[in-house]
Amino acid sequence: MDPYLLGFEGGCYHLLGRDAERGAIEAWPLQAIETVRAGRGAFQLPLGLDLAGTLAERLRRAGGPGWSVRLRFKKGASLGGVAAFLAEAFGPAQRTGGRGDGELTVRTSDLLGLRRWLVGFGPEAEVLAPREMRMAVAQDLEAALGRYRKSERRPEG
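Going by this note's numbering, the first residue of the sequence shown is number 68, and it counts up by one from there.
Just so you know, the hints here were simulated from the structure itself, not pulled from any lab data. Heads up, some of the hints might be wrong.
No more than 25 Å apart at the CA atoms, straight line, and that leaves these computed lysine to any residue pairs for SDA-like [said to hold, decoys possible]:
no.: 1; residue 1: Lys141; residue 2: Leu82
no.: 2; residue 1: Lys141; residue 2: Val194
no.: 3; residue 1: Lys141; residue 2: Pro190
no.: 4; residue 1: Lys142; residue 2: Ala123
no.: 5; residue 1: Lys141; residue 2: Tyr215
no.: 6; residue 1: Lys141; residue 2: Asp86
no.: 7; residue 1: Lys142; residue 2: Thr163
DEER-style ranges, computed between Cβ atoms [stated by the list, open to error]:
no.: 8; residue 1: Leu116; residue 2: Ser218; range: 50 to 60 Å
no.: 9; residue 1: Leu114; residue 2: Phe152; range: 40 to 50 Å
no.: 10; residue 1: Arg162; residue 2: Gly120; range: 26 to 36 Å
no.: 11; residue 1: Ser218; residue 2: Arg89; range: 22 to 32 Å
no.: 12; residue 1: Phe75; residue 2: Ser145; range: 31 to 41 Å
no.: 13; residue 1: Leu72; residue 2: Pro159; range: 22 to 32 Å
no.: 14; residue 1: Pro159; residue 2: Glu199; range: 13 to 23 Å
no.: 15; residue 1: Ala87; residue 2: Arg162; range: 32 to 42 Å
no.: 16; residue 1: Ala123; residue 2: Glu191; range: 36 to 46 Å
no.: 17; residue 1: Ser145; residue 2: Leu212; range: 47 to 57 Å
no.: 18; residue 1: Lys142; residue 2: Glu199; range: 25 to 35 Å
no.: 19; residue 1: Phe110; residue 2: Ser218; range: 41 to 51 Å
no.: 20; residue 1: Ala109; residue 2: Arg198; range: 23 to 33 Å
Just so you know, even glycine gets a beta-carbon here, dropped at the ideal spot from N, CA and C.
Could you put together the complete structure from these sequences and hints?
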C-alpha cells in the first residue's frame with residue numbers, strides 16, 4: 068500500500084492510500100492496520116489528487132466510516148439481543164441472509180474491539196467476511212488454544 072493521507076472522519080482515523088494489489092485508491096480504518104513494513108521504495112502521489120476530498124468520497128461510497136463485517140452465530144443464539152448489543156457497542160447491525168440462519172452484518176470502525184468480543188464466543192460465532200477479519204479471529208483463537216495446550220504439558224503447581 069502506498070499511504071497518502073491520515074485523516075480523521077466519523078470518530079476515527081482513516082488511512083487513504085493506493086492498494087498495490089488492486090491498483091485502486093482506498094480508505095482503511097487505522098485500527099484495521101495490524102502491521103507496517105517498508106516497501107520497495109518511493110512512490111508518487113497522483114498529480115492533482117484532492118486527498119481530503121478523496122477520503123471523504125471513499126467513506127461516503129462505503130456507506131460511512133468503517134468496515135462491513137458479516138457474522139454467523141450458532142443456531143439458538145438470541146440474534147435480537149446480539150444485534151442490539153452490536154449496534155450499541157460497534158455500529159449499525161442488521162440481520163442478513165435467510166430466516167433462522169444466524170447471520171448478522173455490522174458496520175464498524177472498531178475492528179479490534181469487535182474481534183476481541185467475537186473471540187469470547189469461541190465456536191458459537193464465525194466471521195464470514197471480510198477475509199482479513201476472519202483470519203485475524205482464527206489466529207486469535209489458535210493462539211488461545213496454543214496457550215492452553217502448552218499449559219497442559221506443564222506440571223501443576
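Here is how each hint holds up against the structure:
no. : hint                        : in the structure
1   : Lys141 - Leu82              : 34 Å, violated
2   : Lys141 - Val194             : 12 Å, holds
3   : Lys141 - Pro190             : 8 Å, holds
4   : Lys142 - Ala123             : 39 Å, violated
5   : Lys141 - Tyr215             : 24 Å, holds
6   : Lys141 - Asp86              : 35 Å, violated
7   : Lys142 - Thr163             : 14 Å, holds
8   : Leu116 - Ser218: 50 to 60 Å : 52 Å, holds
9   : Leu114 - Phe152: 40 to 50 Å : 47 Å, holds
10  : Arg162 - Gly120: 26 to 36 Å : 35 Å, holds
11  : Ser218 - Arg89: 22 to 32 Å  : 42 Å, violated
12  : Phe75 - Ser145: 31 to 41 Å  : 36 Å, holds
13  : Leu72 - Pro159: 22 to 32 Å  : 26 Å, holds
14  : Pro159 - Glu199: 13 to 23 Å : 20 Å, holds
15  : Ala87 - Arg162: 32 to 42 Å  : 36 Å, holds
16  : Ala123 - Glu191: 36 to 46 Å : 38 Å, holds
17  : Ser145 - Leu212: 47 to 57 Å : 26 Å, violated
18  : Lys142 - Glu199: 25 to 35 Å : 26 Å, holds
19  : Phe110 - Ser218: 41 to 51 Å : 46 Å, holds
20  : Ala109 - Arg198: 23 to 33 Å : 30 Å, holds
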